[in-house]
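The sequence shown begins at 1 in the UniProt record's numbering and counts up one residue at a time.
Please keep in mind that the hints were generated in silico from the structure rather than gathered at the bench.
There may be inaccurate statements among the hints.
[Claimed, not checked] Restricting the straight-line Cα-Cα distance to at most 30 Å, the calculated cross-link-like pairs of lysine-lysine (DSSO-like) are:
no., residue 1, residue 2
1, Lys225, Lys194
2, Lys157, Lys43
3, Lys87, Lys225
4, Lys225, Lys43
5, Lys153, Lys208
6, Lys194, Lys122
7, Lys224, Lys137
8, Lys208, Lys194
9, Lys157, Lys194
10, Lys208, Lys87
11, Lys137, Lys153
12, Lys84, Lys232
13, Lys84, Lys208
14, Lys224, Lys87
15, Lys194, Lys137
16, Lys122, Lys87
17, Lys87, Lys194
18, Lys208, Lys225
19, Lys153, Lys87
20, Lys157, Lys87
21, Lys137, Lys122
22, Lys43, Lys232
23, Lys153, Lys43
24, Lys157, Lys208
25, Lys208, Lys43
26, Lys87, Lys43
27, Lys208, Lys122
28, Lys122, Lys224
29, Lys225, Lys84
[Said to hold, decoys possible] For each label pair, taking beta carbons as the anchor points, the in silico distance ranges come out as:
no., residue 1, residue 2, range
30, Leu47, Asp189, 40 to 46 Å
31, Asn53, Glu30, 17 to 23 Å
32, Gln96, Pro204, 25 to 31 Å
33, Pro64, Arg139, 25 to 31 Å
All C-beta atoms, glycine included, are put in the ideal place defined by N, C-alpha and C.
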Amino acid sequence: MTAPIQLHYWPTPNGKKITIALEEMGLPYEVHFVNIGAGDQFKPEFLAIAPNNRMPAIVDPEGPDGAPLSLFESGAILQYLARKTGKFGGSNAREQAAVEQWLMWQMGGVGPMAGQAHHFLKYAPSMDPPHDLPYAKDRYRREVGRLYGVLDKQLAKTRYAAGDFLSIADFAIWPWAMGWQAQEQTLDDKPNFKRWLDELAARPAFEKGAAIGMERRSDAATDKKAQEILFKR
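Based on the provided sequences and hints, a complete structural model is requested.
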């Protein structure tokens with residue numbers, strides 16, 4: 001590549017999936033911050049490439065036919081980058097199927113459930129008026145714990161999520177799983193999960209990708225303007 005990928009990003013777990021992938025793949029990229037707490041996701045220029053008003057999104061100036069390609073949805077972006085580079089998507093049909101399986105597991109399970117856990121455990125009780133809902137807290141706390149138990153059992157058999165090779169499935173799961181404390185989880189009964197978290201955290205690309213833009217974040221638990229935009233609009 002000669003032209004950098006344009007990444008529209010905010011430092012959330014979904015955004016970090018892509019910065020980690022780009023760092024691991026060694027692709028050139030430029031970050032355009034989309035401050036979701038300030039409403040940048042609703043600007044017309046962002047909606048032109050991400051009509052669902054969610055980041056991350058990318059524009060690849062050197063798309064498959066040489067023309068620019070815009071893409072939204074973090075899972076789709078990860079699959080596209082794996083195909084583009086020939087990296088981290090599995091080296092044969094069996095590995096590819098395993099990667100897709102665990103990527104979809106994250107997209108359909110860990111992301112939505114952990115996101116709801118964050119909301120009801122941390123953000124909803126801080127809203128005005130407070131929404132402190134024990135049933136919702138318990139439901140999502142327990143489901144996240146169940147999912148991490150599933151991954152722990154997998155990681156007792158394999159080094160990484162999809163097998164003994166690093167993949168975009170790991171890029172997708174790790175940024176969410178690193179929030180286990182805020183999700184009120186324990187690692188005491190998940191030694192394989194802990195080993196995997198720590199091993200990936202020590203990789204320079206994970207460390208760099210996860211740190212991008214963190215200084216720009218505010219805490220939505222105390223930022224009332226961000227709460228209005230994120231939760232009531």
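Self-check item: Numbers of the earlier hints that this structure fails to satisfy, in rising order
Solution: Hints 1, 2, 3, 12, 14, 16, 23, 26, 29 and 33 not satisfied by this model.
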